[in-house]
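Use the sequences and the hints to build the structure in full.
Heads up: the sequence lines are chains A and W, in that order. All letters in the first sequence, in the order written, are residues 1 to 75 by my numbering. All letters in the second sequence, in the order written, are residues 1 to 627 by my numbering.
These are calculated hints, taken from the structure and not from any lab test. Treat the hints loosely; a few may be bogus.
[Unchecked claim] Quick look at which bits of chain A chain W covers, simulated, 3 or more residues with Cβ under 8 Å: (1) 7-16; (2) 34-45; (3) 58-67.
[What the hints assert, rightly or not] A short list of chain A residues far from chain W (calculated; beta carbon distances all over 10 Å): (4) R4; (5) E23; (6) P25; (7) G27; (8) T28; (9) R29.
Note that beta-carbon positions come from the ideal geometry of N, C-alpha and C, so glycine has one too.
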Amino acid sequence: MKVRVKVVGPLAQFYPAGEGEVELPEGTRAAQLIDVLGLPRFPPPVVVVNGRQAREGTVLQPGDEVSLLWPAGGG
Amino acid sequence: MYGYTGKILRVDLTRGEVRKEPLDGNLVRRFLGGTGYASWLLYREVGPHVDPLGPDNKLYFFTGPFTGTMWPQGNRYVVTTRSPLTGIWGEAHAAGHWAPALKFAGYDGLVVEGESPRPVYIFISDERVEIRDAGHLWGKNVHETEDILLDAHGDDCRVASIGPAGENLVLVAAIVNDRDRVAARCGVGAVMGAKRLKAICVRGTGGVEVADRARYPEFCRRMIQKLLDDPIAGTRVVYGTAGLMEIMSDIGRVPTWNLRSGVFPGARRIGGRRLRQEYLIKPRADFACAQRCGRYVEVREGRFRCRTGGPEFETLAALGSRCGVDDLEAVIYAGYLCNVLGLDTIGAGAVISWAMEAWERGLLPRELVGDLDLSWGNAETVVELTRRLAYREGLGDFLASGSLRAARELGPEAEKLVMHVKGMEIAGQEPRGQKSMGLAMATSARGADHLYAFPVLDEGGFDEEIRRVYGPQYMPEMADRLSPVHKGHMVYVNENWAAVVESVGACKYGTMVPPTLGYEEVAEGLALTCGMDFSVADLEKLGERVVNLQRMYNVRLGLRRAHDTLPERLLKEPAPDGPARGHVVELDYMLDEYYRERGWTPDGIPTRERLQELGLPELVRDLEGTG
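Here's what the structure looks like:
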C-alpha cells in the first residue's frame, strides 16, 4: 500500500526529500515509519496520521497522510 | 534571609525619594516572591480608580528566591503593574542578566512610584541609589541607551530601558534588558514612559547566600543534568524556539492571516532550519541558563542588514505568518526594530495583521493608511509600520493604543476582526488547532496569553509526561489537542504551577515543557536555597493562592465570566484548513469544568470559602456586590 509522508521542521534534516510517497506492507504500524525512513529516535519523533497523533497500536491505511516531527514543546 | 536579599527598594519619582524596606517574611511564606509577592503589593497599593498611565500606578520589578542562583535559568524577573493596554492586572517577564544584578546589588524587588517631571534614569550600585537626569537619553533607542549608560557607569552594569515606543506611550511598548531580552506584554513600557523613567542601570557586586552551602552545588548539578538528559530541553540549543514554526503550522495552530487559518504555507521559509543555516551567529545563554534557546542572528547584507537577538517563534509568528510574510530577513529586521525601539513583537504583529485584514475588507480608510500597501505578505509594510508604530507616525499613531481601541473607532465590523481577550492581542497560537490554548487565553489574568497557563503538553509527543503530571485517568483525551475534554483540569493545574514558577524566578522551559523539574524539585530547591520547608501540597496551594489573588484584582474591577471569552471567529467560524479543519473552540464546555476545578461560581468569581481556604481572608470583603 502507499501512504503519503512528510517529515516536518528540524527532523527533516534526516530526510532531505522532505516528503513523498512510501510503499509499505499492509498492516504497517505508524511507529514503524520512523525506522522505515531512517529517522533518529532521539528526540523521539511524533507520528501524526491524518492530523491526529498516532497511538502505539495505530495501523496505517492506504492513502493515509502521515507527518513525522519532533515533539513541539513550547510556543 | 537565605535565597533572598531581604530588602525592597522603593523609588518615588514624584518626590525624588529613595527608600529601602525590609522584605516581609510573612508575605514570603504566602507568596514566595516574583509574581506572587508583586501581585500582592499591586492589589494593596494600586486600586480600581488608578489611571494606568498616571502617577499612582506603580511598577513592581520582582525577582524570586532562585533568581541569581545556580538553579537552571535562575535569571528571571517579573514586572507587575496595572496594564494601560487592558486596564486590568498586568505583568511581563524577562530573562537575561539584569535581574540577577538587581539581586546582587541587594534588592529582591524594585517598586517605582510617582511620575518624574523630566526624563530620568535610576542608577543602582549596591547600596548607592540615585535618580539621575536622562535628558541625553530621551529619544535614544534601547541599544544606544545601553551603550551610553555602560560607557558612563562601566560595563559591569546591567540595563533595563524603554525605547521610543515607551516614551511615546505606545500601549504595546516593552521594557528591554540586556539589549534583547524583553518584558514585552501588557504595555509595561508605556507605564515606564509615563513616569518618564528611561532606564534602570544596575551594578551588583554582592551575591545570594544559600542556606545549605554543602549540599547546594551538588543539587544544582543534578538539576542541570536532568535538563540536559531530557530529549527536548537538552536539544533546545540547536534550533531554539524558531524550530517550532514548521511544526506548529503542520499541526494547524500557527496564527496565519490574523488567525483566519492555522496553517502557513510559508512556514518553511521562516522556520528554524533556515534561521540556523543562514543567519545564526550562535545560541545565547543568559545567566545560569542550561538550555540556551536564545539566538544571536545576523542579516549580513541588503536592506534588512542587522545583528540582533532572536527571533523567537513568537516573533516569527507575529511579524511573519500572522501578517502572511514569508521573507525571513524582513521578519528578523522587524523583530530587531521591536527590540531597539522597545516594542512587544507579539503586539506589533497583532495590530499590523489586524490592520491588514481591516484594509482588505474596506474598513480602514485610505486617509489613515497613507502611502502604505497593506496587502497580506507585504514585508516592506510590516517593517515600516513597526517603525511608525514606535514613533506614532501616521497609521502607527492610530494603532498605537492597540488593535481593540483602534477598531472601536471604526465600528463593530472592524472590532470583530480584533484577535484579543480583555484587550490584549492573542499570541502565536491558533486555538481552534489546540483547544487547551483557547481556554488558557480566555482565563489568563492578563488577557490573551499563552504563558499564564502554558498548556503545551497536548501539542504532541508528551503522553508519558501527561500521565506523570496529571495522571493516567486523563489519557488519551488530554493528549488530543483537538479535544476539549479534561482541558479545564489541565489549565487549572498549569496556572497554579506557572504561578509558582514565576514566583521563584525560574523559567517555564524545563519546568512546564518539558516538565522535567516539578514541585518536588522546587520544594527541595527552596529547602536548600532558603532553608524554608514547603511540602508539594503547600506549593500547590501557594500557586492557587496567587492565581486567585490575580483573579480577584480583576473581579474587583468588575470582570466576570463574560470577559473570559474569545473572538467570535474562534468560537463560531470553523477552521478552514489543516488538521483542525471544521473545528471551533468549545469554550463554554471547558470554562464550566475550569470554574468547577477552581471552586469558583459559574460566573467565574472566587467564593468566600475558597478565598479563606487559600489564605486570602483580606480579599473576602472585595466580593461584596459581585452577586
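**Message:** Going through the numbered hints above, which ones does this structure break? Give me the numbers in ascending order.
**Reply:** Violated hint (a single one): 3; every other hint is consistent with the structure.
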